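Trainee: The primary structure of each chain is shown beneath.
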Amino acid sequence: MTHPGISVLNLQKYFSKRKGVLRTRGTTMHALRDVSFEVALGETYGLLGPNGSGKSTLIRVLSTLLVPDGGEVRLLGHRLPGEERLVRQKIGRVSVDAAFYKKLSARENLLYSAYLYGLEARAAERRALEILEQLGLEGERFTDPLEEMSRGMQQKVAITRALLVNPPLLLLDEPTTGLDPKSKRDVQTFLENLRRTEGTTILLTSHDMAETERLCARIGFLAKGRLTAEGTAAELKRQAGAASLDDAFIALAGERLEEEGDAEKGAPDKVAPGEVETGGAAADKSSADEADEAAPALTE
Amino acid sequence: MEQVLRQAYAFVFRDYHLTRRYMSWVVVFTFYAVVNSATIAFIGVAAKDRRLTLTLLVGVMLWGFLSVLFNEIANSISYERWEGTLEYTFMAPVSRLIHLLGVSLYAAAYSIVRMFVVLVGLWLLIDLNLGGANLAGFAVVLAVSSLAFIGLGLMAAVLPVVSPERGAEATNIFQGILLLVSGVYYPVEVLPRWLQPLAYVSPATYALRACRKLMGIEGTGEVAQLRGAPLAAVLPELLILLGMGVVMIPLGLFVFGRVEGWAKRTGKLKRTG
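So the protein lines, in turn, are chains A and B.
Here the first sequence stands for residues 597 to 896, numbered as in the numbering used here.
Here the second sequence stands for residues 6 to 278, numbered as in the numbering used here.
The set of hints was computed from the structure by calculation and includes no laboratory data.
Everything numeric in this text was worked out from a predicted model, so none of it was measured.
Beta carbons are placed, not taken as given, at the ideal position from N, Cα and C, and that holds for glycine.
Among the hints, erroneous ones may be present.
Unchecked claim - Listed below are the simulated EDC-like cross-link pairs for lysine to aspartate or glutamate, each with C-alpha atoms no more than 16 Å apart in a straight line: (1) 780(A) / 693(A); (2) 780(A) / 804(A); (3) 698(A) / 729(A); (4) 780(A) / 729(A); (5) 698(A) / 88(B); (6) 699(A) / 88(B).
Said to hold, decoys possible - Take a look, some chain A residues computed to stay more than 12 Å from chain B by CB distance: (7) 652; (8) 681; (9) 788; (10) 828; (11) 839.
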């Protein structure tokens, strides 16, 4: 039986917070509203959206780190929520911030990850070195603590970690944000080769129009938690009557990508205690590292 | 099975290398533990009271062991939150049982090694004649009481998931209450009457009572020669400790699982700090 790599139907995710002791006031932030899309096996699908649009929330739902509040999610045929264990065996994730034990070396971090997935150490070490070499990171940095590496190097180690188990599905959340042009190109070339040689299904979120156009067969525009348009880059430009993907995004999503979510600033939905309201803006974000996650900015 | 063992080993591997990388701090903390233990034991030496000296020594050694064990487990999650790796651990295909078993294994090994280092340090500073004490029984009590403290650690580990900042603070408050009510350095009878019931729900109370019997320092009067009680004499304490472990470990895992589910619904797993 064939199934899509990713199938998302009417996905909803909201975050709530209560304030006050005696007179509680509830706020509800809708991070994802009725999001639906499919990614075919072996396809690279891009999600473009400004900060706070819900990209990272979507990646977290697909990574089994957030439980959806509505809709259907299937990854490689496995249902979420319900089949988290099977999904976890088959996905790799790279987030915008390379989260590691910074005191440990790349080798120690990668071996820890390999053991978590039940891999044999020698085989994992061999594969890690192969991937790092393809990404343009010298083998001699393998035993250096992560804290002594540049952000670009750390991000390459993060990509290596996601690929150690050779996952058939890769979730990439702004993997090249903050990288220098050379590192960016190394990563992009690697991802192209990976899709071609391994047939890996890739979901890529980005702010980078050129990168998305280069890597992705199809692209979705995400704004304020809604998927406002999707298609190939050419289709989106044609649909918007625009010359560039940037212009197409402004026309179809109603906002700019580069304004870091400024257009979304504003009050969260305010609802009475016990109520849940379905309108309102996504969260304002101040840190690039915390881009796109509507909830914690309010809840912490 | 091999895969499960590797997954449990992942946490031992990680924590061993983190300890190695923070070795200078480990040395500093261990040095402080030796000095702290010695200063407490010297109170008994100054009073020329061998029973008091050994009572304090048992307290400081046992509390040192159990509190480090508790801390290592309880702080494992807050440390992951701090480093931002918690999401990666939680999205790995490893069960929470194996995850927390791995963390507990390393915590137990680290606590044992640290306790021996502190003991050696004390040996250099204080005349420790333990001839006659039932040291094998002491080891059994340590092993059994570890189970209850692992269970408590699992329950405390969940606090940073609930609230990243307040969780770590609550862990310290909890540990402080255990120290206060368990009779680590004094009999629980000296506590205010309203506080004494808490002593009965602390596993440390039973562990300390058992260890003092095994050392032969229960009761009052002059201690010329240690006559440690046989293991059978502390069977009631061992059974209570075992019962606490049997209840607290599954309870800790259950609580952890529930809170993890709640955190995934409310978006609390995200990196902070």
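Trainee: Hey, residue 698(A) versus residue 88(B), does the alpha-carbon distance stay inside 16 Å?
Mentor: 8 Å, holds
Trainee: Measuring Cβ to Cβ, find out whether residue 652(A) lies farther than 12 Å from everything in chain B.
Mentor: With a cut-off of 12 Å, residue 652(A) comes too close to chain B, as the shortest Cβ separation is near 9 Å.
Trainee: Taking only the CA atoms, is the gap from residue 699(A) to residue 88(B) under or equal to 16 Å?
Mentor: At roughly 10 Å apart (the allowed maximum being 16 Å), residue 88(B) and residue 699(A) satisfy the hint.
Trainee: Sort out whether residue 693(A) lies within 16 Å of residue 780(A), counting only the CA atoms.
Mentor: Roughly 15 Å separates the two Cα atoms, so the pair holds.
Trainee: When you look at the beta carbon of residue 839(A), is every beta carbon of chain B farther off than 12 Å?
Mentor: 38 Å, holds
Trainee: Against chain B, does residue 681(A) keep a CB gap of more than 12 Å to every residue?
Mentor: About 6 Å separates residue 681(A) from the closest Cβ of chain B, which leaves it inside 12 Å; violated.
Trainee: Is the Cα-Cα distance between residue 780(A) and residue 729(A) 16 Å or less?
Mentor: The given pair, whose Cα atoms are some 15 Å apart, holds under the 16 Å limit.
Trainee: Within 16 Å, alpha carbon to alpha carbon, are residue 698(A) and residue 729(A)?
Mentor: Distance of about 21 Å is beyond 16 Å: violated.
Trainee: Far enough from chain B: is every CB of that chain over 12 Å from the CB of residue 828(A)?
Mentor: Label holds. Min Cβ-Cβ 31 Å, cutoff 12 Å.
Trainee: For residue 788(A), is the shortest beta carbon distance to chain B beyond 12 Å?
Mentor: 25 Å, holds
Trainee: Measure nothing beyond the straight line between the CA atoms of residue 780(A) and residue 804(A); if it is 16 Å or shorter, mark the hint as holding.
Mentor: 11 Å, holds
Figure legend: structure checked against the earlier numbered hints; hints not met, in rising order: 3, 7 and 8.
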